[in-house]
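Keeping their order, the protein sequence lines are chains Z and F.
Heads up: the first sequence begins at 1 in the numbering used here, then just goes up one per residue.
Heads up: the second sequence begins at 1 in the numbering used here, then just goes up one per residue.
A couple of the hints might just be wrong.
Label pairs and their calculated CB-CB ranges [claimed, not checked]: (1) Asp-85(Z) / Asn-195(F): 33 to 41 Å; (2) Met-1(F) / Gly-120(Z): 42 to 50 Å; (3) Thr-136(Z) / Arg-40(F): 36 to 44 Å; (4) Glu-142(Z) / Asp-41(F): 18 to 26 Å; (5) Pro-80(F) / Pro-209(Z): 37 to 45 Å; (6) Met-181(F) / Arg-189(Z): 41 to 49 Å; (7) Arg-176(F) / Leu-109(Z): 23 to 31 Å; (8) Leu-214(Z) / Met-1(F): 45 to 53 Å; (9) Arg-2(Z) / Asn-188(F): 31 to 39 Å.
The hints are simulated quantities; they were obtained by calculation from the structure and are not laboratory data.
Ideal Cβ placement from N, Cα and C applies to all residues, glycine included.
Protein chains: 2
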Amino acid sequence: MRLFSYFRSSAAYRVRIALNLKGISCDQVPVHLGRGEQRRDDYRAINPQGLVPALEVEGKLLTQSLPIIEYLDEAHKEPPLLPADPLDRAYVRALALIIAADVHPIQNLRILNHLRDELGQDGAGVAAWYNHWIATGLRSFEAMIAADPRSGQFCFGDAPGLADLVLVPQVFNAGRYALDMSPYPTINRIVARCNDHPAFIAAHPANQPDSEPL
Amino acid sequence: MRLFSYFRSSAAYRVRIALNLKGISCDQVPVHLGRGEQRRDDYRAINPQGLVPALEVEGKLLTQSLPIIEYLDEAHKEPPLLPADPLDRAYVRALALIIAADVHPIQNLRILNHLRDELGQDGAGVAAWYNHWIATGLRSFEAMIAADPRSGQFCFGDAPGLADLVLVPQVFNAGRYALDMSPYPTINRIVARCNDHPAFIAAHPANQPDSEPL
Chain Z
1 MRLFSYFRSS
11 AAYRVRIALN
21 LKGISCDQVP
31 VHLGRGEQRR
41 DDYRAINPQG
51 LVPALEVEGK
61 LLTQSLPIIE
71 YLDEAHKEPP
81 LLPADPLDRA
91 YVRALALIIA
101 ADVHPIQNLR
111 ILNHLRDELG
121 QDGAGVAAWY
131 NHWIATGLRS
141 FEAMIAADPR
151 SGQFCFGDAP
161 GLADLVLVPQ
171 VFNAGRYALD
181 MSPYPTINRI
191 VARCNDHPAF
201 IAAHPANQPD
211 SEPL
Chain F
1 MRLFSYFRSS
11 AAYRVRIALN
21 LKGISCDQVP
31 VHLGRGEQRR
41 DDYRAINPQG
51 LVPALEVEGK
61 LLTQSLPIIE
71 YLDEAHKEPP
81 LLPADPLDRA
91 YVRALALIIA
101 ADVHPIQNLR
111 ILNHLRDELG
121 QDGAGVAAWY
131 NHWIATGLRS
141 FEAMIAADPR
151 SGQFCFGDAP
161 GLADLVLVPQ
171 VFNAGRYALD
181 MSPYPTINRI
191 VARCNDHPAF
201 IAAHPANQPD
211 SEPL
């Protein structure tokens, strides 16, 4: 098993946490997005989409972080990253998608580059965009977990799972332009708990083979 | 079971197709996004996030289209919307997320409003943004299904499933600013096949209780 990763990629960060929670050891192959290595022919030969993360398993290349994580959860049952009950599973997946669909794709590198290069936004304009969409998503996320009796030490109960491993990298990103995190006390409590957990610490962008100063 | 829906919402369109494929009858409650009904107190009392679609099941409100569809697939096994093999499931989910994460959230109504109202983009600027991100996603999608031996009459084999029900609403959206669809022959073939299928026809934005002229 090989994970194509980039230390700063929050989608790769999610997969690293999942691998660590499952106790799966996996070779990491760094692909430097900042230097455009994802567009080089040698990486395109492996992954024509030129995206990170990608997980090579049994000669197949899996792409998109959430399907990779669902695969890991189906192929390696313990510890589970999703609850057993279908209604609870839908709840946890919805939390994950508030971030993975409604926030992260709108504030990732290619969108920020497009805003700057094609729409002429300056640094302040890019930062305002970035923080606006993160704040919008975190408000929904906070409202759900603050109101729901299924919240515990983690987003669902007292063990880390899918919602946590999507939330933590997004909150890490929120530091980029110093988003005010005070409106999200439940998120802050859970993220602090995650950031003390060995699986999350080992997956942190500061602790990767390709880490650079943050 | 009640589905909070809007005829034009492509995320609601996905859920309508899934319900139809499963043969599940469900009351539809229209929420008019164009008139801002999702922000009204009576809807916020049901769904604090003010989003569509939402599915009310056993007194619980499920949100986010893909978790709703995965729930339907877990609670109503036949016909399956995902393959049985974990690696194949990851492939189909990745196809779905190319659209559901990397395209649709970047071109939905709130983003277009933001581009116009906050970044001062005119109609041509909004249209260029819209088509740029749809084309980027469809290129990846086409490359995957054109190369993969698992493609059949539908995205995976010869029965419709998760990837198809995410693809079809996105291609419907691509008509809004008349995106050139000629670079996507495999997508076009599969979408044409879907658009002849009763479950897809009944879910089409033109055929809803709240439909307006398209």
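Checked hints:
1. Asp-85(Z) / Asn-195(F): 33 to 41 Å: 35 Å, holds
2. Met-1(F) / Gly-120(Z): 42 to 50 Å: Holds: the Cβ-Cβ distance is about 48 Å, inside 42 to 50 Å.
3. Thr-136(Z) / Arg-40(F): 36 to 44 Å: 19 Å, violated
4. Glu-142(Z) / Asp-41(F): 18 to 26 Å: 20 Å, holds
5. Pro-80(F) / Pro-209(Z): 37 to 45 Å: For Pro-80(F) and Pro-209(Z) the Cβ distance comes to about 39 Å; the hint holds.
6. Met-181(F) / Arg-189(Z): 41 to 49 Å: Hint holds: Cβ distance 48 Å, inside 41 to 49 Å.
7. Arg-176(F) / Leu-109(Z): 23 to 31 Å: 26 Å, holds
8. Leu-214(Z) / Met-1(F): 45 to 53 Å: 47 Å, holds
9. Arg-2(Z) / Asn-188(F): 31 to 39 Å: For Arg-2(Z) and Asn-188(F) the Cβ distance comes to about 35 Å; the hint holds.
The structure fails to meet hint 3 from the earlier list, while all remaining hints are met.
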